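For reference, the chains in residue letters:
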Amino acid sequence: MTNNFTGIIAILALSIPGFFINLTVLGRKRPAESLALSWLTGSVVVTLALYALNTYLNIGLNPWVSVLTFMTVTFISLLPPAGNLTRFNLYIKNFFKTFREKITPIKAAGYILTILLLVSFITSFFFPVADWDAITVFDFRAKILFNEGVIKDMTIMTYAGYPMYTSLLHYWAYLTGLWTAMPVYPLFTASFAAGIYFVLKRFLTKPVSLLITIACLAAPRIFANTFIAYTNLPYTVFLILGALYIYLWTEERDWRDLLMGIILSAATFWVRSFPFAVVNFGLVFLAIPFIKKYAKYLSLLTIGAVLVLYFLPVTHAIADYLKWAVYEYYSPYWVVFIAFFLSGLFSESKNWFWILAYTGYGLVLLAGTFVFNQKWPGYYQGIYDAVRRMMIFINPAIILAAISIFPKQILVKKDA
Amino acid sequence: MKFLTKLALVASIATTLIFIYLFYLESFNYDNYVFATLHFNLKRFAIIPGIFWSSWTFLKFKKSLKLIQLALLITFCFVSIPAAINATGMVAAKSHQILLGQDYTFQKSLYKTFGNDYVFINFIKNYLSTEPTTTMIIPPNKLPWRHTGNPQIMNSLLYPIETTNNTKYGYPYILISSEEDGAAYHLWPDFKVPAKEIIIYNWETGRPDIITGRDWNPDEWQEQKPWGLIIRK
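As you go down the protein sequences, you meet chains A and X in turn. Residue numbers for the first sequence follow this note's numbering, so the first one is 88 and each next one is one higher. Residue numbers for the second sequence follow this note's numbering, so the first one is 292 and each next one is one higher.
This is chain A alone, in the form it adopts within the complex (with noise of 0.2 angstroms):
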């Protein structure tokens, strides 16, 4: 129990640099955002701060050097310039107003979520780490490195190449004296809740963003993977909220949007070695007026490049097996992302950012599994669940492009 409670603490206490760095990228003003996705930045740095202590400069890790590194990288955060916190402890002040309130239905959904992802962090305490990759990989090597301290050593035993984000997320789990490296991944979904609900709550109304977040959440295997210690899920919460905040990069032009969006977006590298990142980063040029003017016939243009690989006799293959394996496998969001589409055109819509994006990833499948294809022929036909849990992205993607069906009259909140 006492290791729980201290594993709980340590775990937690990654969002404290986390919390700091997020202040200084998107500026005091906006807390509650800071504070969602702190788990989530401050995860990456004080990993990445281990992984370069280790790889670089040799320091074999032990708890000494590693909770120092945590000290360290807290310290560096709290560095910038301390700015005025009151609309944060104006924020925390109106948070617990709201519980004296009466319930609304909104509210009560707002709750039943919040209740659902704190019973899910509690009970992760009490799983242990199943499912194969989880065993062989990322806890295998989390174990390797508590004992023997070294990074290096273990890609003999192990596959190269993976990222050590999530090893060294066990590694620190193991660290504090938990059992289990579980409690990791609800920090996962609760940020992704927690981040999708706060930006959208900048510029839509609560109930609004409070149903774009459970529809998000709700999509295939999303909540599932809570409960698996993969990285397809860390993957997903970094890759959209990567996009969304590029997305209010090219709404609002505000360079704190932009570089949470590149920051968010360049961590995928660090979950796995996938480029569908390259997508949100080609997705900033729709800030540029001329293309923002001709990103309807960019679509039209993604969406012709997709039919063309269809029916290339050399990507016809890959192209109908993914359209099997992923696309119609994650029914009917390909029949809501063609709603979007065709209601775009004829809206006259000058939104095409989701539909770009949902094209873009998609475009990045096809052609990663081309070369994938060069590399071992016909080897991913049979791994489709694989490729699955690989695209589970794709939803919260289309599902934000709900975002532009509404009219502003409904959506924009009154104080915007």
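Calculated from the structure, these hints are not laboratory results. Predicted model, so just to flag it, every value in this text is computed and none were measured. We put the CB at the ideal spot given by N, CA and C, even for glycine. Be aware that one or more of the hints could be misleading.
What the hints assert, rightly or not - Computed cross-link-like contacts, DSSO-like style, restricted to lysine-lysine with a CA-CA straight-line distance of at most 30 angstroms:
id, chain 1, residue 1, chain 2, residue 2
1, A, LYS189, X, LYS297
2, X, LYS399, X, LYS351
3, X, LYS357, A, LYS194
4, A, LYS293, X, LYS351
Unchecked claim - Not everything, but these chain A residues come out facing chain X in the computed CB check (under 7 angstroms):
id, residue
5, ASN145
6, LEU203
7, VAL206
8, SER207
9, PHE213
10, PHE214
11, ALA217
12, ILE222
13, THR223
14, ALA305
15, VAL423
16, PHE433
17, ALA489
18, SER491
19, ILE492
Assemble chain X onto chain A, guided by the hints.
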């Protein structure tokens, strides 16, 4: 119309609660439990609460929302509500399991993942626990040796012992595997090995039968389908 809207809401809430309970039963027991016991295809009919919520959404918002917005909300009811119900049932089941004090250990999770193969691999790990760290030769990384031939699995389960599929090395330990996962039985090693000891795992007692002074000849063992370890001369 008001009566219909209220009726749809009551039906929505009622079916939501019923399906949360059914998903709770499924997660608490095992996959397909509801079908096995109640002969009810839960995954196929999980859309029922979604239908009621869609009806309620339609009746409630048909005048205040545009067609595309209404269509989106109805899609949300069909797609997201069953998933949210599933998630709630799953979390409820996990909470109940903990409250009942069910014992979950890492060993149990390994057994669940690798089945009886884990029992054998764990035996090998314990048997060699007093030996200095070494490398063991395992079967080729292909079927039928899905687990025992996979160096990543074997490395993680036998740690700190390392494993290799390369039989050219003169490492002292060679694994004996009769694993038949996904392909026909093929005893390994399928070649002769001069042996100091042959350790055969007894599946009934969980203890080793140690044979000394006899080399490994696969032809002599085909019938027994043995699992164990060869210590080379």
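Structure-based check of all given hints:
no.: 1; hint: LYS189/A - LYS297/X; result: holds (22 angstroms)
no.: 2; hint: LYS399/X - LYS351/X; result: violated (49 angstroms)
no.: 3; hint: LYS357/X - LYS194/A; result: holds (24 angstroms)
no.: 4; hint: LYS293/A - LYS351/X; result: holds (19 angstroms)
no.: 5; hint: ASN145; result: violated (21 angstroms)
no.: 6; hint: LEU203; result: holds (6 angstroms)
no.: 7; hint: VAL206; result: holds (5 angstroms)
no.: 8; hint: SER207; result: holds (6 angstroms)
no.: 9; hint: PHE213; result: holds (5 angstroms)
no.: 10; hint: PHE214; result: holds (5 angstroms)
no.: 11; hint: ALA217; result: holds (4 angstroms)
no.: 12; hint: ILE222; result: holds (6 angstroms)
no.: 13; hint: THR223; result: holds (4 angstroms)
no.: 14; hint: ALA305; result: holds (4 angstroms)
no.: 15; hint: VAL423; result: holds (6 angstroms)
no.: 16; hint: PHE433; result: violated (10 angstroms)
no.: 17; hint: ALA489; result: holds (6 angstroms)
no.: 18; hint: SER491; result: violated (11 angstroms)
no.: 19; hint: ILE492; result: holds (6 angstroms)
In the structure shown, a violation is registered for the earlier hints numbered 2, 5, 16, 18, in ascending order.
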